[in-house]
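Here's the letter readout for the chains.
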Amino acid sequence: MPRRTDISHILVIGSGPIVIGQACEFDYSGTQACRVLREEGLRVSLINSNPATIMTDPEFADATYIEPITAEFVEKVIIDQRELGFPVDAILATLGGQTALNTAIALDEAGVLTRHNVELIGADIPAIQRGEDRQIFKDIVREIGGDVPDSAVCHSMQEVRETVAKLGLPVVIRPSFTMGGLGSGMAYTLEDLERLASIGLAASPVTEVLIEESVLGWKEYELELMRDSADNAVVVCSIENIDPMGVHTGDSMTVAPAMTLTDREYQDMRDLGLKVLRAVGVATGGCNIQFAINPDTGRMIVIEMNPRVSRSSALASKATGFPIAKIAAKLAIGYTLGEISNDITKATPAAFEPTLDYVVVKIPRFNFEKFPGADPTLTTTMKSVGEAMSIGRSFAEAFGKALRSMETKALGFWTRPDVIAQPTADDLAALLQDISVPTDGRIYGVERAMRWGATKEQVHDATDIDPWFLDQIELIQAAGTAISTAESLDVDLLREAKRYGLSDLQIAALRATGGDTSLATEEAVRELRWKLGVRPVFKTVDTCAAEFEASTPYHYSAYETDPAAESEVAPQTEKQKIIILGSGPNRIGQGIEFDYSCVHAAMALREAGFETVMVNCNPETVSTDYDTSDRLYFEPLTAEDVLEVIASEQESGTVAGVIVTLGGQTPLKLAGIIDEAMIVQRDGSGIRLPVRVLGTQPDAIDLAEDRGRFGDLLNAAGLPAPVFGLATSFPEAREVAAGIGYPVLVRPSYVLGGRGMEIVYDEASLADYIARATEITDDHPVLVDRFLDDAIEIDVDALCDGTEVYLGGVMEHIEEAGVHSGDSACVLPPITLGRTDIAKVREYTEALAMGIKVRGLMNVQYALKDETLYVIEANPRASRTVPFSSKATARPLAKAAARIMAGATIAELRAEGMLSPIGDAGTLPDGAPVAVKEAVMPFHRFRGVDGAGVDSLLGPEMRSTGEVMGIDAAFGPAFAKSQTGSYGSLPTTGTVFVSVANKDKRSMVFPIKRLADLGFTVLATEGTAEMLRRNGIEVRVVRKHYEGAGNVVEMIKAGQVNLVINTPYGQSGPRIDGYEIRTAAISADIPCITTVAGAAAALQGIEG
Amino acid sequence: MSKTPAALVLEDGRIYSGTSFGATGTAFGEAVFATGMTGYQETLTDPSYRRQVVVATAPQIGNTGWVEEDNESLGIHVAGFVIRDLSPAPSNWRATDTLPGQMQKQGVIGIAGVDTRALTRHLRTAGAMRCGIFTGSDLSTPQQMVAEVQATPAMAGANLTDEVSTKEPYTVPAIGAARFAVAALDLGIKANTPRSFAARGITTHVVPAGTTIEQIEALGVDGVFFSNGPGDPATADSAVELTKEILRRRIPLFGICFGNQILGRALGFPTYKLKFGHRGINQPVVDHHTGKVLVTSQNHGFAVQAPAGKTLATEFGDVQVGFSSLNDGVVEGLTCLGVPAFSVQFHPEASAGPHDAGYLFDRFIDLMAASKSAPSSTATPEAN
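Respectively, the protein sequence lines represent chains A and B. Be aware that the first sequence starts at 5, since it is given in our numbering, and climbs by one per residue. Be aware that the second sequence starts at -2, since it is given in our numbering, and climbs by one per residue.
Just so you know, these hints were derived from the structure itself, not from any lab. Some hints could be false.
[Said to hold, decoys possible] Below, simulated SDA-like cross-link-like pairs (lysine to any residue); rule was C-alpha separation at most 25 Å, straight line: (1) A:Lys279 to B:Thr16; (2) B:Lys0 to A:Val538; (3) B:Lys289 to A:Ala851; (4) B:Lys272 to A:Pro1068; (5) B:Lys289 to A:Val538; (6) B:Lys272 to A:Thr349; (7) B:Lys0 to A:Ala490; (8) B:Lys289 to A:Ala351; (9) B:Lys272 to A:Pro353; (10) B:Lys289 to A:Ala490.
Please read all numbers here as calculations on a predicted model, not as lab measurements.
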């Protein structure tokens, strides 16, 4: 069936901000879809509020709307496009995650689709409902002969209790229509049940939860399927979870293909999957189905399905080379699987099932350390913020690569010393108890338990992890023991260790344990390995296990022991190659924004005539799409793995250099090592080749990061910075703080994303901080900075080519200094800065860029207080705000940076039109649109062990997962859009609750009065009410949380409040009350403003 | 794991090294690669792999051990097994033994640790070829081992039917009431074929390869089935003659794999050896009757030569290519328009592999039903 001819204009709905459970995999899928649809000659309009996405780049759609993803705004787009003469024929909502799908349902319910005669393609509403409504879905599975857990749908706590009386405990609670398992959990006791079920009912937009028989500890599997309009269907990939049932699949370590199924069981699962797909009626496109298998009896049950492209689809696409989203888009416009060619082989069609001759492991990345008090137990609610994937020729190899891709403290087994050197039987018993609860890093405990003498049976009983995986760990341990006990290392030992995935770092740690000081460092092991010629080969992901020739260079490394082993990297001698290092697994502080810059570099450099080579290990991203660069290496971003990729590329052509400044801190950390490396050629000739780092040089990077050298630079240039001091003990810190004056900002000296950073108002809090900061040493002192209370924070992205500095974006933070720049809303152009302020920003930025010797991008954070502009920090790399600055000014800063690194000048880029021919973001004309970036916080995902929510207060430690952009002609409406895009609309009427710290009361009078004038009912606690009344504002007093019944927290929970303005009391009041108020607001899903500036901005938004 | 060295030696002189598992000694056969990610046990026990050394492209083998009830025949048929990584400890609730344990018991030689991807790429380019696995003390100089491999017989021209066919006829009863009875000519039949018939209410009389038309007629069956099997179809003259007799008598006929090649020859089409064959469980085939794509289980090194998309006149009336491979256009099935017969090159009985093509057993049933109700009409699959 060829493409439909009755569709010529498609509106694609994106997925909005990055949140837990819905991350950049939907940028990957959306980008693929847009690309495909335009290649087909269709007009594409796109709506997505997330500026940090490739899909919202101008070249991916004919019309891009960076607007909130709501039915209301989608209708506006439909109307706008019709008025422009381009009526929308169809909407594609299956590639934008749950957000897009929910919007599609809302559009249907609101009659928008019928009203504008727009068809929903890729899935129809009844199919979505059949797939997502748990009861309907279960009925379908039963009808087609499948098995499901016993359960009942409940709409009230009473129904919940009755159901549990029948099923017995434990039970699983799953709210309907939420994403990433939000609000779901496992109840072991009646107390758990009361708590979790009420949360679940609240989380479900239809107040519905499913109470289900527990299948805890069963084996868990997923199938990714696709179907076309002619009813052809294929299974793209099978995935097995290493963490058994009970841990959300997004939080599980997973492996593809499934490792422990016989053909008979696998085919039964496949049959059932296809039947479900057809019965639910996914018309065309992808879907994902989860299964559980009882390990003792083989009873297989169907858990759930996602009738759309999902997070797992992105993983499956990267794992197999089968581009699910791209093919889903083609199927949606009428093609059948047999008509679509397999990109990788070109010669064969997409109507087949990929077969793998390698093993893929995915491990999730968590950020629990940023949410003190949050319960780190892994449950059916997803809590991870990112993931890394790895590919190896065996499970052990892939597993080792995945562990070292995580960039956590431990980089694989044995890389951190055991806390207990001589474990006793009691220690082992305690450890077995520990690992019976799934947590981040549990696998390290599993390995330790086995090393401490636990049998596989004991570990299996504690964890329910399949014995096959435990056996693999035992094999890895054996390889490790061979290394640590050997007299000396030879080729065979090294090769065998490498085959089991051991890194040079692990080998060094093992040798050190064995007392071999000569091989105790990663560098020493690498030198020996190179000398002995133990090198990886590079294989290709080709969808077909080498049955057909592959034309797509999508590579991974592997160590083979067979002397006839073969590397598949093709020679390329015509073009100079540039290697771009990506940013690894997403985490808070380093997410999609950095991938965006890497992708832009690949595009710009390819266009400029270079062969681009991408190295990354994050399966969710656009950078790891095999289409993005000329060559893709799916590899961990460690020195070892990156150097081997560089070696492979040196062998196959000429490497012009490596880009390390676009992927965040991950590649930046490697700059020095790469710069100094002399890579030994694999051919045994002994020839060593140097590697060039492109752009800002490692020494300049060090200058900006070294507090002392940077301070000297500031002094020499006469740039002010907040006073600071270093301390390694409390008395020292007390002395420094006294000299600076409170409040002070304290933090460990080497931090990312504001990790461990706090504002301290007095000596007692300082003592408390030092006591908690256990990792202070002479090498890692605590930094004590003057905290600029009430200062305006300014973020600048700038380009420098050595002769000229181009301001790419000047952003004014809406929250005042003290809130991490990643969590603060900001506006571009700055709305309160004058000409002289900007001139000063330019002058300082130029001095910094020239002083540091930046070649490419730099980000500077300033604080403006009392007419003084302070330099807070400068980072000679692409920042988190590059996509926002680029979108707001319509200038591709990361592309420009990549070109500068490859030798172009700003003047040349101006002449090409890539950068503004005259002026820059510091000279935007008066009529320029105003863009507001708002951060999106994950607080509702986390709960303490007692079930209480975590505090939503903003502070110097970054905790947001994503961002949205609102853009309009003026600040007010732009801010309002940013709020709608991130938290849902600001209320324009209703009830506002106000409770502010004494220091903020004066500044709050005007905004609150204005809200009252606009017709809001104002509620306040007594102190605040008194002050407001004195200013002629009518206020109703409500009780504080601890004052008992009818208090404000209860009112918020009851839905009687539409907006909360609550600033922290600092040291002056009962902070706990504010905490209860804020967490109540988060769970009631109403806007909660915690700063004065935020309140003023919200007011403009409400008025706008 | 064993550290006994082993080598896989190809007739073109290439040598891949690894370690031995299963039995030890020397094994010869045709090196072919199979791309299924599940089903190593079904593959090893599939008689069609007779005298072949199978290279598994899936890198982790042995994970589910050995499950007695999953055997596709009485024992392992492959001449040798080449893998990347062996899992020493199996995990499956039905497992009765380990893979190396079974291979040892049945005297089948394996080699692990080979760069199977490099080997597969080589076989893809150079074509399937003779090889030998040498383990431990059987290892000698490369020249010596290559010479030994070159001295073994080639697959082209090999008649292996007698090695795998049952010596005595046996019957697999229908499950429930029997609707039809079928004679299944055992050219290397897999256990799941009679099971697939039985599940549909058909009694299967499995008969030896040399069975005559008279013996078949004496069974009073409603149709005849030609199974899969090893070897070069060009040597299967007696089966071809038997097929012609069946077609002349208008007895409904269904052939799979080797059976497809035999029907092809009976209809007058030549067969040829594919460069590296189709061996996997992800092979897309289009059913020209419906236009639908099936993901099929395949295992064939030979194919029928016939043009797709045309009606071809033969001694037995018009014939069409009923199925084609979407990967390379190879003939994957033949449909007779003048006589009640059709065949497919792939495996509707799967095991290992997907069940997409299971409906072809039903198509055969329809053919038998139509033939029974109107014995004189020219029943065709299309008529159903």
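Structure-based check of each hint:
Between A:Lys279 and B:Thr16 the alpha-carbon distance is near 43 Å, which puts this suggested pair outside the 25 Å criterion. In summary, the hint linking B:Lys0 to A:Val538 is supported, as the alpha carbons are separated by about 20 Å, within the 25 Å threshold. This hinted pair does not check out: B:Lys289 and A:Ala851 have alpha carbons roughly 68 Å apart, beyond 25 Å. The straight-line distance between the Cα atoms of B:Lys272 and A:Pro1068 is roughly 75 Å, outside the 25 Å bound, and the hint therefore fails.
For the hint linking B:Lys289 to A:Val538, the alpha-carbon distance of about 49 Å lies beyond 25 Å, and the restraint is violated. Taken as a hint, the B:Lys272 and A:Thr349 pair is honoured in the structure, with Cα atoms around 18 Å apart against an allowance of 25 Å. Our distance criterion of 25 Å between C-alpha atoms is met by B:Lys0 and A:Ala490, whose separation comes to about 17 Å. Using a Cα cut-off of 25 Å, the hinted pair B:Lys289 and A:Ala351 holds, with the two alpha carbons roughly 20 Å apart.
A hinted pair counts as satisfied when its Cα atoms are at most 25 Å apart, and B:Lys272 with A:Pro353 qualifies at roughly 20 Å. For the proposed pair B:Lys289 and A:Ala490, the alpha carbon gap of about 59 Å is over 25 Å, so the pair is violated.
Going down the numbered hints, you'll see the structure goes against 1, 3, 4, 5 and 10, while the others check out.
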